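Chain B: place on chain A using the hints.
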Amino acid sequence: MAKRVTGPEIEKLIQLLAKVPGLGPRSARRAALHLVKKKDQLLGPLADAMGEAHRKVRICSCCGNIDTVDPCSVCTDVQRDRSVIIVVEDVSDLWALERTGAMNTAYHVLGGVLSPLDGIGPDDLNIASLVDRVAEGAVRELIIAVNATVEGQTTAHYITDRLDGLEVKITRLAHGVPVGGELDYLDEGTLTAALKARTAF
Amino acid sequence: MQWTDQAVVLGIKRLGEASVVAEVMSRAHGRHLGIVRGGRSRAMQPVLQPGNLVELTWRARLDEHLGEFRIEPIRLRAAKLMEAATSVYGVQALAVLLRLLPERDPHPHLFEALDVILDHMEDPAEAGELFIRFEIAVLNDLGFGLDLSQCAATGGNDDLAYVSPKTGRAVSRSAGEPYADKLFALPPFLTRTGGGADFSALAEAFRMTGYFLHRHVYEPRGLEASAARDGFVQAALKRLKTGETALPERPASALSSSAQKDGLADARLRQPPLLRETATSRSSEPADAATAASCPPDPRMSHSPAASDGAGLDINDPEPR
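Here the protein sequences come in this chain order: A and B. Mapping of the first sequence onto our numbering: position 137 corresponds to residue 137, and the numbering continues sequentially without gaps. Mapping of the second sequence onto our numbering: position 314 corresponds to residue 314, and the numbering continues sequentially without gaps.
Keep in mind that the hints are not guaranteed to be accurate.
Stretches of chain A that chain B covers, calculated by requiring three or more beta carbons in the stretch to come under 8 Å of a beta carbon on chain B [stated by the list, open to error]:
#1 113-121
#2 147-161
#3 188-197
By construction, these hints were calculated from the structure, which means they are not laboratory data. Just so it is clear, the structure is predicted and the values come from calculations on it, not from any experiment. We treat Cβ as the ideally placed atom computed from N, Cα and C, and that holds for glycine.
Bound conformation, chain A alone (with noise of 0.2 Å):
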């Protein structure tokens, strides 16, 4: 048996880097002997601020975003149109969306998708919060932007149902060749929707 090194403190940091996506033990151990070594200027600032997040982040009650705030910043934006909704599956969906600056909306983070395999059913997800919103009278247009996997599909369907006899446009995401994509390399049912959505040149 290997002989133990550092301290049980130490230890434990690495044990919990490890578990941090990206990270396996090897690469926590780099990361923790370099936070060690820069205590001052990384360990310390990062302690507080991850004690800070620890403290004060929450779920916004509105959308089920990520933020300090509870409405989070996204919803309470007065800048944004209100009237269009993107339903994305994640945070980092959201995060995504954001990044490209092409909308400027509101969003409903659904927490997951429907798995079957998985035990998560529709009481498992931010999907009657989504209904209230709706039901609501306020929103002009639904985007569901879920991943094109069948368990996203299969929420997105089971969204427009829920939402059947509300007056709300619902849309979804295009499916077809990616930026960067070779026709060769792309399956028969992502060529068939990219050329059913063919857009005039």
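Okay, now just chain B, sitting in the frame of chain A:
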């Protein structure tokens, strides 16, 4: 240990950051799970969508190990399945049905039937009829087969019009008429004479198979009824009621109206024939795929109580229609 087989992907579960555990229905090895290294890569994610037909090689040191899959795509139809609510709910509902079967238990006729059904999900009437036949085939493989070939009371096979909820056996019109309010109506498309799968026939058939699945499988196992099945049933019946047979959903685009018409015409031309025709026309495929999916279960193969004890129509059926 190593084997290579064709399979339909049923679902995936994440394993770590880059890998997944894939669940497939294979032709010769039944429902099987295995690790796919790099299954969350951009190249593999489209391949590992439910409904896709793949060729896979399973490898493990010992037979009882989970093992690893190496997967090559054969027919990627997930994108097509995503176009309509009927098909997207349907593929999930079929996966839920197959999860009722034990792992690694070969059911080659169910694999064949699954492969054919997934190609016929566009039309709600066809999809509904094939789905009902698939549910009956699954019930049969679980040991609760329905005997729809002859009347439980008279032994005849003419004018079969009802199904006893007690025994799961067909009943002729004359014998069942006095107890019609306690019996399921036998959908015409499940009889030897055949018939169309219209709205009322499918609604009654879904009610019937749902009842037997609940009674024989879900309730004894303490399982909840499948939400995906409910979604499929509602979507199929809704489209039948509104008279839609082609795909209603169209991706938003800036197409001209003529181009849209062309696309719709293409889709209609591609609509495949019924399961029976498709299965019989595929000379290279085993004949029992068509038999299992298109005909009532053979009572000689049934292990249901109704078949084994020879009980006929029970006039004291407690379950009302």
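Going through the hints against the structure:
Requiring three or more residues with a Cβ within less than 8 Å of a Cβ of chain B, the coverage given for the segment 113-121 of chain A holds, as 6 such residues are present. Given as covered by chain B, the segment 147-161 of chain A passes the check, having 10 residues with a CB less than 8 Å from a CB of that chain where 3 are the minimum. Using a Cβ-Cβ cut-off of 8 Å, 8 residues of the segment 188-197 of chain A lie near chain B, which meets the minimum of three, so the contact claim holds.
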